[in-house]
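> Sequence:
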Amino acid sequence: MGVLLYKIGFIKILETISQTKKIYFLHLVVLTFTNIYISGININLFLKTIKKEIKWQTMTRYSLITWIFSLITPGKLGELGLIFLMKNQKVEMGEGTAIVFLDKIISMVIIIFFSTIGFFYFKFQNPLLSAVLISSILIIIIILATTEFTRRGIRKYILRKYSKNFSGFHKTLNKIKEQNKLGILINSILTFLRIGLTSLSIYFLFLSLNTNISFLNIFLINAMITIISYIPLTIQGIGIKEFSAVLLFSKIGIPSNITIAVYILFIIYKYLIGALSGVIIAKEIKTILKNERNI
Numbered sequence: 010m011g012v013l014l015y016k017i018g019f020i021k022i023l024e025t026i027s028q029t030k031k032i033y034f035l036h037l038v039v040l041t042f043t044n045i046y047i048s049g050i051n052i053n054l055f056l057k058t059i060k061k062e063i064k065w066q067t068m069t070r071y072s073l074i075t076w077i078f079s080l081i082t083p084g085k086l087g088e089l090g091l092i093f094l095m096k097n098q099k100v101e102m103g104e105g106t107a108i109v110f111l112d113k114i115i116s117m118v119i120i121i122f123f124s125t126i127g128f129f130y131f132k133f134q135n136p137l138l139s140a141v142l143i144s145s146i147l148i149i150i151i152i153l154a155t156t157e158f159t160r161r162g163i164r165k166y167i168l169r170k171y172s173k174n175f176s177g178f179h180k181t182l183n184k185i186k187e188q189n190k191l192g193i194l195i196n197s198i199l200t201f202l203r204i205g206l207t208s209l210s211i212y213f214l215f216l217s218l219n220t221n222i223s224f225l226n227i228f229l230i231n232a233m234i235t236i237i238s239y240i241p242l243t244i245q246g247i248g249i250k251e252f253s254a255v256l257l258f259s260k261i262g263i264p265s266n267i268t269i270a271v272y273i274l275f276i277i278y279k280y281l282i283g284a285l286s287g288v289i290i291a292k293e294i295k296t297i298l299k300n301e302r303n304i
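Under my numbering, think of the first position of the sequence shown as 10, with each following residue one higher.
Please note: incorrect hints may appear among the correct ones.
Listed below are the simulated BS3-like cross-link pairs for lysine-lysine, each with C-alpha atoms no more than 25 Å apart in a straight line [to be verified]:
{"no.": "1", "residue 1": "260", "residue 2": "132"}
{"no.": "2", "residue 1": "57", "residue 2": "21"}
{"no.": "3", "residue 1": "250", "residue 2": "260"}
{"no.": "4", "residue 1": "184", "residue 2": "60"}
{"no.": "5", "residue 1": "250", "residue 2": "132"}
Distance ranges between label pairs, derived from CB positions [what the hints assert, rightly or not]:
{"no.": "6", "residue 1": "29", "residue 2": "183", "range": "47 to 53 Å"}
{"no.": "7", "residue 1": "261", "residue 2": "66", "range": "39 to 45 Å"}
{"no.": "8", "residue 1": "293", "residue 2": "38", "range": "44 to 50 Å"}
{"no.": "9", "residue 1": "66", "residue 2": "130", "range": "38 to 44 Å"}
These are calculated hints, taken from the structure and not from any lab test.
Ideal Cβ positions, reconstructed from N, Cα and C, are used throughout, including at glycine.
Please construct the entire structure, taking both the sequences and the accompanying hints into account.
Pasting the structure below:
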């Protein structure tokens, strides 16, 4: 990140940021909390299958807490904390893991789908090879994660004595796939909407710097950048994500100082909202962390 800032120029970036129209941040607040609320709906769609639906107020708080933790963990791993939070609502670890796993797989499928379209749309070199590679990796992950052989291997060699805590994983996964196809469809539609809301946030940030870009371009580029952010190399993919954004947006003629300013503003905004939200629900977070240590 530091190298990128140095190459573009600190002064140039600061001058760009100073021109920001602050009114657009009000839109971002609405979009962020709508996104968090929808993520809770997605999980509840699957909880209905095992008749353990959580009240929307509680689920929204849980979604907010996991979002906050995802800001300080590599590759959004903090979002997996939802599994432990749901345990407070009598959702067993195996059940919760299956539900969160399926939700993430759906997200990955949709993101990779639009990333692949992006590779073709922007005419990158070897788009077919990139599409085949990404799709192949996804298919392999799904196959490995859902086979009986892999499940036994995970229980025996990875979880070992903790494997009993994850009982019900495969049963829950199969039950959702067999009995709640409508829920999977709705989850997919809502996930598409969530990606759109994040893209809309970036769209507004570009507008705040007097830069009007096609929403379709932002949507496809955001999908490609999101794939990168899932790689657990840095917290929130900071540095890698910004470098990718500068590279991808340069393909459509956006100056690097504008792009990096947008993503710096987005980082600052997310951490400010995360910190403020954390302060407001600090007592609940403290209680949850205490409960997790006792698990």
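> Can you name, in rising order, the numbers of the hints this structure does not satisfy?
2 and 8
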